[in-house]
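Top line first, the protein sequences correspond to chains Y and E. So for the first sequence, this note's numbering puts the first residue at 1; every next one is plus one. So for the second sequence, this note's numbering puts the first residue at 1001; every next one is plus one.
Careful, some of the hints might be misleading.
[As the list claims (entries may be wrong)] Derived DSBU-like pairs (lysine-lysine); straight-line CA-CA distance at most 35 Å: (1) Y/406 - E/1002; (2) E/1002 - Y/399; (3) Y/5 - Y/406; (4) E/1026 - Y/406; (5) Y/223 - Y/5; (6) Y/399 - E/1023; (7) E/1030 - Y/406; (8) E/1064 - Y/343; (9) Y/406 - Y/384; (10) Y/361 - Y/76.
I should point out that these hints are in silico values taken from the structure, not numbers from a laboratory. On a predicted model such as this, the values are computed, not experimentally measured, just so you know.
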Amino acid sequence: MILIKNAQLVNSIHDKAEKVDILIVDDKIEKIGKNIEENPDKMIIIDASGKYVMPSFTDIHCHLREPGFEYKEDIKSGSRSAVAGGFTTICCMPNTNPPIDNRAMVAYIKYRAREVSPIEVLPVGAITKGLSGEELAEIGFMKEEGAIAISDDGKCVMNANIMRNALLYSKDFSIPVISHCEDTNLSEGGQINLGHVSTITGLRGIPREAESIIVARDILLAKETKAHLHITHVSTKESVRLIKMAKEWGVNVTADTCPHYISLTEEEVLGFNTNAKVNPPLRTQEDVEALIEGLKEGVIDCISTDHAPHHKDEKNVEFNLAASGTIGFETAFSVLFTYLVEKNGFELGKVVELLNQNPRKVIGLPPNVIREGQKANLVIVDLKKKWEVREENIVSKSKNSVFLGKLLTSYVETVIYNGKILKKDGVLNC
Amino acid sequence: MKHLLGLRELSKEDIIKILNLAKDMKTILKSETKKTPHLQGYSVVTLFYENSTRTRTSFELAAKFMSANTTSISVQTSSVQKGESLLDTVKTLEALKTDVLIVRHSFSGVPHFIAKNCSFSVINAGDGMNEHPTQALLDMFTIRERLGTIEKLKIAIIGDILHSRVARSNIWGLSKFDNQITVFGPQTLIPPYIENFAEVASSLEEAVSGKDVVIDLRIQLERQKRGFITSKQEYYKFYGLNEGIMRYISGSTLIMHPGPVNRGVEISSEVMQLPNSTIDEQVTNGIAVRMAVLYLCTRKEGIYR
Ligand SMILES: [Zn+2]
């Protein structure tokens, strides 16, 4: 039994943070109320005075690198990193080696996750065999085996006809198609956003249209096919605008963006900082503002981390040769709190929705809710704590965080999944 | 001064210090022996991932005139990608007791990357589309020598601004001295937001008219395949410094080019031979400027302590 005392409870934007006690018995929430009786002999008592309790988070876009790139991350280390950030359901992208493009690979990931992960790992299957963009993968079999979405993430399905067929075919299996939007003819050779900083540094730029052209294309295809298109890691204001228009048209489109796109700009690259090399690239303040506005209005449905671990040797190289990506689990909530709540007046409940019920809706899962009778999946957060992101405190195998050295407000202290304490007072227990 | 990575981060005072010292170095070049002991005992290595006989020779001569031990390593970028990493090369050079590394690379930021990972001095001899600081310094030196100042001038830079590290270094360097800088070239070769740093002219005539200095850039003819330019002939007609355009340029306007020149593409042979063309002089001044930079990079009392 676990008794959480005096926590402010926030499930969603509709909740007025109320101070309550929460009693967890086995894997469920037994009781929520004021002054639940303590029994120190039988209970683990967590004093959450001054802290907030919210449902644990779901990430629909991350990279766990297993199989094939275990030196960067594996299912176990990635899951622990997720726990450190408050995530208890994570969806891993299929660009592993071999890729998750068939039933056996989906089964393998699920099997490995059951063996080594303390949390729920849901595989995303590939759209095309070998992520080649040429031939559809066996989407039906993968869905049957437990894939919750399909995506060629890391690559764009450049052939519009294949993408159209993927959307049509996905409907038979009610599985969303997650699109990595990048016109590779426009982005080829590009290192960072095309703009002010590319001009200053002489790094080759990727025009913003490399993203928005495919966003527009995929929206048109989704409009025609009436399939569920999910656009991931949206980074430009034009994309937000197009998605808004698509939603007004009634197109079945959802979208996410990542913590780094709503907080940082291309300026991070100055000084040739390879941790700031991500794909799509960090954009401008105007884009940051448009994305925040998009989140506010619900045009962008949710946040994904795009947790993309890379080994130090893949980042401590010439900028052109550096791998793209930043890790993201461990800083996600704190970045959202710092940049959305503190700087932009978002309600805390909104951030909770962006990390729980909204991403879950995209992949067809019911929301986690902290309510009597529900599974105990929750986090306790100290909203006042300020901390600096430092390499030595990172749980992930990889330390390539674009937020290194940044000061963030709020910290996920305790994580409980199905009644098990996986992190307590900042210390991992899994 | 530990490293010379670019002019963007160099102060006005540092630039003046280099130019003043280069003036002294030029007198050494004019002397009979062309030898000073300034770099005696120092090991200077040139590491070029791109061919450039000109820049490499200039640096090597500069080092040799100052009695340094020089070694040159040339590498094809492709072989590097399959074999030894740049970081490994840097560690090897460190073990070989390198004092100064002069590096040229096709990627922007490589000298910065090396500087972060080594104990020796790094001089940027051109990195990708980023900077070519000694070229800009020798341009500034030449301008100052000819016009007596590098302040409050009207300067045009013509050609491939997008890919040009020479253009960038010149813009960063010259901007620190209150100069009015205008750029011009095909729209495909004008980088975004350059208007924050230079005026963008709408025609070649407008770009060169009334200027004190016209810096003409080298064009890479491969750019044709990637859709940046159409043909040599068309480039010469609309963007080249030819006799037609000379009507807009006064006899006192300096005509500069970092070389090597594509005759009849960027500039005509006739224009190159005009008395106000400084193309050959720039080459000589390059050695003096590089001597100054090498000297400062090996002195503890230099610019970056
Ligand atoms: Zn992606």
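Comparing the hints with the structure gives:
| no. | hint | result |
| --- | --- | --- |
| 1 | Y/406 - E/1002 | 28 Å, holds |
| 2 | E/1002 - Y/399 | 29 Å, holds |
| 3 | Y/5 - Y/406 | 32 Å, holds |
| 4 | E/1026 - Y/406 | 48 Å, violated |
| 5 | Y/223 - Y/5 | 49 Å, violated |
| 6 | Y/399 - E/1023 | 48 Å, violated |
| 7 | E/1030 - Y/406 | 54 Å, violated |
| 8 | E/1064 - Y/343 | 58 Å, violated |
| 9 | Y/406 - Y/384 | 16 Å, holds |
| 10 | Y/361 - Y/76 | 26 Å, holds |
In this structure, the earlier hints numbered 4, 5, 6, 7 and 8 are contradicted, and the remaining ones agree with it.
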